[in-house]
Each structure stands twice: as structure tokens, then as C-alpha cells.
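S.K.: Numbering of the sequence shown is given in the numbering used here, commencing with residue 587 and proceeding in unit increments.
Worth flagging that the hints you see were computed from the coordinates, not collected in a lab.
Certain hints may be false.
[To be verified] DSS-like cross-link-like pairs, simulated, lysine-lysine; straight-line CA separation at most 27 Å: (1) 874 / 890; (2) 872 / 839; (3) 869 / 831; (4) 733 / 596; (5) 734 / 819; (6) 856 / 890; (7) 601 / 734; (8) 928 / 839; (9) 856 / 874; (10) 655 / 601; (11) 837 / 954; (12) 601 / 588; (13) 954 / 890; (14) 596 / 798; (15) 601 / 736; (16) 588 / 733; (17) 856 / 869; (18) 928 / 830; (19) 954 / 811; (20) 857 / 827; (21) 827 / 954; (22) 733 / 655; (23) 872 / 857; (24) 736 / 655; (25) 827 / 839; (26) 837 / 811; (27) 837 / 872; (28) 954 / 928; (29) 837 / 869; (30) 811 / 798; (31) 890 / 798; (32) 601 / 811.
[Unchecked claim] Ranges of calculated distance between the beta carbons of each label pair, as one might list FRET restraints: (33) 631 / 807: 23 to 29 Å; (34) 865 / 633: 50 to 56 Å; (35) 625 / 861: 44 to 50 Å; (36) 625 / 755: 39 to 45 Å; (37) 865 / 810: 29 to 35 Å; (38) 634 / 808: 28 to 34 Å; (39) 926 / 752: 58 to 64 Å; (40) 830 / 807: 56 to 62 Å.
Beta carbons: idealized from backbone N, C-alpha and C, even for Gly.
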Amino acid sequence: MKYVNSILAKCSTRKGFLLLLIICFWVKTMFAYFVDFRLGISNPFQFLIVLINPLATSVLLLGIALYFKRSRIFYPVAIIIAILNTVLLYLNVIYFREFTDFMTVSTMTGYSKVNQGLSGSSLALTNFHDIIYWLDLIVIIILMATKKIKIDHRPLNRRIGLAVTSFSLLFFAINLSLGEMDRPQLLTRTFDRTYIVKYLGLDAFTVYDGIKSQHTNDLRATATKSELSDVLKFTRSHYAKPNKKYYGIAKGKNVIILHLESFQQFLIGKKINGQEVTPFLNKLYKSKSSYSFRNFFHQVGQGKTSDAENMLETSTYGLPQGSLFAQLGSDNTFQAAPAILKQRRNYSSAVFHATSPAFGTETTFTRKWGINTSLMPVIMIRPVTAQWATV
587 MKYVNSILAK CSTRKGFLLL LIICFWVKTM FAYFVDFRLG ISNPFQFLIV
637 LINPLATSVL LLGIALYFKR SRIFYPVAII IAILNTVLLY LNVIYFREFT
687 DFMTVSTMTG YSKVNQGLSG SSLALTNFHD IIYWLDLIVI IILMATKKIK
737 IDHRPLNRRI GLAVTSFSLL FFAINLSLGE MDRPQLLTRT FDRTYIVKYL
787 GLDAFTVYDG IKSQHTNDLR ATATKSELSD VLKFTRSHYA KPNKKYYGIA
837 KGKNVIILHL ESFQQFLIGK KINGQEVTPF LNKLYKSKSS YSFRNFFHQV
887 GQGKTSDAEN MLETSTYGLP QGSLFAQLGS DNTFQAAPAI LKQRRNYSSA
937 VFHATSPAFG TETTFTRKWG INTSLMPVIM IRPVTAQWAT V
């Protein structure tokens with residue numbers, strides 16, 4: 587009991603309180619690294635770097651509170667920073683369970699829109715041990731409310747804040763140097779974001795990605811029409827002629843496309859206990875009035891649903907990072923099949939989508955493709971949701 591009281595007494599000072607928050611965040615980060623993330627640690631040196639990489643940024647961020655002399659400002663600022671840092675960590679934990687990747691800044695800006703259509707799926711991604719990410723904050727707030735951790739009204743000299751900031755920056759420079767020793771050109775060869783998190787930590791990765799995203803946006807903003815000529819030359823040199831067997835076969839006819847999400851080819855024609863798994867699809871698949879393809883190349887990125895739909899309509903792949911719709915969809919023009927059919931053959935088009943209109947701002951992007959009417963959600967005869975699946 588004396589030992590506990592001694593710890594609480596030390597935490598009742600401003601320095602001790604910040605040290606408590608730093609240690610707690612380090613513990614949860616280590617838990618995330620070794621339980622929820624897969625960082626590919628392959629040697630003791632990398633293990634050492636992983637142990638120290640959350641410290642520099644957490645000290646830097648929480649050290650901001652040291653610049654406030656008044657206790658009524660110091661403590662709320664420290665708690666808010668700790669909460670925001672935990673939110674960032676936990677969102678990446680949830681995201682990693684689904685995509686085996688870390689959230690980019692661009693993904694974060696579109697997360698709320700996509701999450702409206704995936705609220706049930708997001709809940710399914712939570713685990714019982716997730717309480718560990720929030721338990722420390724809950725306990726600390728309770729201890730403060732019950733005055734087990736007392737408020738320290740004694741102001742600290744701002745030189746201490748400057749010293750802590752300087753130390754954290756120096757420590758980060760050492761951390762970066764160690765990362766460069768094990769992974770040369772760490773910040774220039776970023777084909778895998780796991781490397782940045784493994785060597786520099788999640789906070790540093792988020793800042794780095796934000797700077798990189800802004801740089802990319804600046805390049806796009808300064809792009810000129812003359813640069814498009816190289817792109818056009820490339821597409822012309824890689825032009826693939828239409829297959830004569832299928833070209834023009836739907837001229838003058840209505841065209842209906844069935845696009846299934848989370849579906850596998852082996853289900854077509856499959857029977858279980860003598861019952862067809864997909865009887866309706868089997869009839870369409872085998873019908874002489876429809877066309878289907880066995881060798882269909884699946885290539886979607888983190889956009890998943892939106893990437894698949896965009897590939898279906900425009901024959902272009904998604905982005906290597908995040909969702910195409912969330913990042914570039916709102917301010918781009920798409921050369922999509924519905925728009926082409928409207929321009930050349932005066933077709934009208936409609937899409938029937940089985941999920942919420944808020945999912946990926948679906949109605950906005952169907953208009954970008956040239957689709958005239960969007961109806962969603964489709965009312966099913968038996969509205970039963972079994973489970974969201976990922977292919």
C-alpha cells in the first residue's frame with residue numbers, strides 16, 4: 587500500500603503526471619505492435635528500435651502541456667493530447683485488422699463517409715482486448731476525480747518545456763539515425779508504410795504521410811495540360827484492340843450488368859446436400875442470352891467496393907493507397923461506360939445499389955460516371971444480413 591501511495595504521490599506532480607501518460611501510451615503502443623500489428627521484426631536491432639520509437643513523439647506531444655503554467659489548462663491539455671493519440675492508435679488498429687495496412691491522412695479524411703456504410707463491419711472488427719487501449723485513461727480520470735492523483739498548482743518554468751521539446755527532437759534524430767542504419771533511404775523508399783511505423787512510430791508516420799500527401803496535392807495543382815501528352819502517348823502505344831468475337835454484340839439492346847461483391851467463382855454450379863447454392867445465378871451464367879467470363883482478373887485496392895465498381899465502369903485500377911473515390915473522385919472526370927453509351931448511343935442508365943447512399947458518397951460518384959438514376963438501398967423480399975465478407 588505504501589508503494590502505491592508513493593507512486594500516486596509522484597503522479598500528483600506535473601512531471602510525474604506527464605511521465606505516467608507517456609509510460610501508459612508506450613505500453614499500449616507496444617501491445618498494438620506485438621498483438622494487433624504485424625511489423626515484420628527480423629532481428630534484435632529492429633526490436634530495439636521498435637521499443638524506443640513511440641517515446642520521442644509522445645514526449646514531444648505531451649510536452650506541449652508544459653508550456654501552460656495554469657493547472658486548469660495544463661491538465662486538460664495533457665489529457666486531450668493523450669486521448670487524441672490513443673484515438674489515432676486505436677483507429678489504426680481497427681484499420682489494420684481489415685486492410686493489413688496503416689491509415690493515411692487521405693484515408694482519414696474520407697473515413698467517416700465510408701464508415702457510415704460499414705458501421706456493423708467496424709463493430710465486428712473490435713476485440714475484447716481492445717479495452718487495454720482505453721483502460722489507462724479511464725483509471726487516470728477516475729483517480730483524478732477521486733483526488734487520488736492530486737492537482738499540482740505549482741507552475742513549472744517554461745525552460746523545462748523547452749528542454750523537454752529539445753530532448754524529444756534530439757531523441758527522434760537518434761531514432762531516425764538508427765532506422766537509417768538498418769534501412770537506408772528510409773524516407774525515400776516508402777513502398778511499404780510498415781517500414782515507417784516500425785522504425786519511427788505511428789505518430790511520425792502520420793506526420794510524414796500528411797506532408798507527403800500535401801506535396802502530392804501541390805504537384806497535382808501545378809500540373810499543366812502539356813504534361814498530358816506523355817500520358818496520351820503511353821496509352822496509344824499500349825492500345826489493345828477490341829475482341830472481334832464480342833465487339834458490337836449488344837448494339838441496339840438493353841444492357842444489364844450484375845456486379846457481385848464478396849463472391850467467388852467456385853460457387854457457380856456448386857451444390858450442397860443436392861441443393862444449388864446459387865440457382866438464379868446458375869441460370870444466368872448458363873443462359874445463351876447472357877455473357878460471363880471465367881478468367882476474370884480481380885484487382886482492387888483499399889477502396890474495395892468503390893475500386894471494383896470503378897474498374898467495372900472505367901477499366902482503371904484503384905490507387906495503391908486508400909480509396910480512389912475518397913481521395914480523387916470528387917474533382918475528377920471519368921471516362922466511364924455509362925457516359926460513353928449516353929454520348930454515342932443516347933442510352934439512359936440506372937444503378938441499383940444494396941447499401942446506404944452515404945457509403946463512399948455513392949450517389950456523387952455514380953453521377954461522375956454518367957449514370958442518370960441511382961436507387962439505393964434496394965428493398966429485398968427477405969432483408970436478412972448474414973455477415974459482411976471480404977474477398
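S.K.: Decide, hint by hint, whether the structure agrees.
M.R.: Okay, the hints, checked on the actual structure:
For the hint linking residue 874 to residue 890, the alpha-carbon distance of about 31 Å lies beyond 27 Å, and the restraint is violated. At most 27 Å may separate the alpha-carbon atoms for a hinted pair to count; residue 872 and residue 839 meet this at roughly 19 Å. A distance of roughly 23 Å separates the Cα atoms of residue 869 and residue 831; the hinted pair therefore holds under the 27 Å criterion. For a cut-off of 27 Å, the pair hint linking residue 733 to residue 596 stands: about 13 Å separates their Cα positions.
For a cut-off of 27 Å, the pair hint linking residue 734 to residue 819 is broken: about 71 Å separates their Cα positions. For the suggested pair residue 856 and residue 890, the alpha carbons sit about 25 Å apart, so the restraint of at most 27 Å is met. Of the pairs offered as hints, the one joining residue 601 and residue 734 holds, with about 16 Å between alpha carbons and a cut-off of 27 Å not exceeded. With a C-alpha separation of about 13 Å, the suggested pair residue 928 and residue 839 falls inside the 27 Å cut-off, and the hint holds.
With a C-alpha separation of about 20 Å, the suggested pair residue 856 and residue 874 falls inside the 27 Å cut-off, and the hint holds. At most 27 Å may separate the alpha-carbon atoms for a hinted pair to count; residue 655 and residue 601 meet this at roughly 13 Å. This hinted pair checks out: residue 837 and residue 954 have alpha carbons roughly 24 Å apart, not beyond 27 Å. Distance check on the hinted pair: residue 601 and residue 588 sit about 21 Å apart at the alpha-carbon level, within 27 Å; holds.
Proximity of residue 954 to residue 890 is assessed by CA-CA distance (about 18 Å); at most 27 Å being required, the pair is judged to hold. Using a Cα cut-off of 27 Å, the hinted pair residue 596 and residue 798 is violated, with the two alpha carbons roughly 41 Å apart. Among the hinted pairs, residue 601 with residue 736 is consistent with the structure: their alpha-carbon atoms are about 13 Å apart, no more than 27 Å. With a CA separation close to 17 Å, the supplied pair residue 588 and residue 733 stays within the 27 Å bound.
Our distance criterion of 27 Å between C-alpha atoms is met by residue 856 and residue 869, whose separation comes to about 13 Å. Between the alpha carbons of residue 928 and residue 830 the distance comes to roughly 23 Å, so the proposed pair stays at or under 27 Å and holds. Taking the CA atoms of residue 954 and residue 811, the gap is about 21 Å. The hint holds against a cut of 27 Å. With a CA separation close to 39 Å, the supplied pair residue 857 and residue 827 exceeds the 27 Å bound.
For a cut-off of 27 Å, the pair hint linking residue 827 to residue 954 stands: about 26 Å separates their Cα positions. The straight-line distance between the Cα atoms of residue 733 and residue 655 is roughly 20 Å, inside the 27 Å bound, and the hint therefore holds. Distance restraint check for residue 872 and residue 857: the Cα-Cα separation of roughly 16 Å lies within the 27 Å cut-off, and the hinted pair is therefore satisfied. Proposed proximity of residue 736 and residue 655 is supported: the alpha carbons are some 16 Å apart, at most 27 Å.
Taking the CA atoms of residue 827 and residue 839, the gap is near 22 Å; set against the 27 Å cutoff, the hint holds. With a C-alpha separation of about 35 Å, the suggested pairing of residue 837 with residue 811 is violated against the 27 Å cut-off. Note on residue 837 and residue 872: the hinted pairing holds, with a Cα-Cα distance of about 21 Å set against a maximum of 27 Å. For a cut-off of 27 Å, the pair hint linking residue 954 to residue 928 stands: about 13 Å separates their Cα positions.
Proximity of residue 837 to residue 869 is assessed by CA-CA distance (about 23 Å); at most 27 Å being required, the pair is judged to hold. Restraint check for residue 811 and residue 798: the C-alpha separation of about 23 Å stays at or below 27 Å, so the hint holds. Only pairs whose Cα atoms come within 27 Å are accepted, and residue 890 paired with residue 798 is accepted, the gap being roughly 23 Å. A hinted pair counts as satisfied when its Cα atoms are at most 27 Å apart, and residue 601 with residue 811 does not qualify at roughly 57 Å.
Here the CB-CB span from residue 631 to residue 807 is close to 41 Å, at odds with the stated 23 to 29 Å. Between residue 865 and residue 633 the CB atoms are about 54 Å apart, so this pair conforms to the stated range of 50 to 56 Å. For the pair residue 625 and residue 861, the supplied restraint of 44 to 50 Å holds, since their beta-carbon distance comes to about 45 Å. Distance hint for residue 625 and residue 755: a CB-CB separation of about 24 Å, inconsistent with the stated range 39 to 45 Å.
Judged by the Cβ atoms, the range 29 to 35 Å given for residue 865 and residue 810 is violated: they are separated by roughly 55 Å. Restraint check, residue 634 to residue 808: a C-beta distance of roughly 42 Å breaks the suggested window 28 to 34 Å. One distance hint, 58 to 64 Å for the beta-carbon pair residue 926 and residue 752, holds here, with the actual separation near 60 Å. At roughly 43 Å, the beta carbons of residue 830 and residue 807 sit outside the given window of 56 to 62 Å.
When the structure is compared with the earlier hints, violations turn up for hints 1, 5, 14, 20, 26, 32, 33, 36, 37, 38, 40 and for no others.
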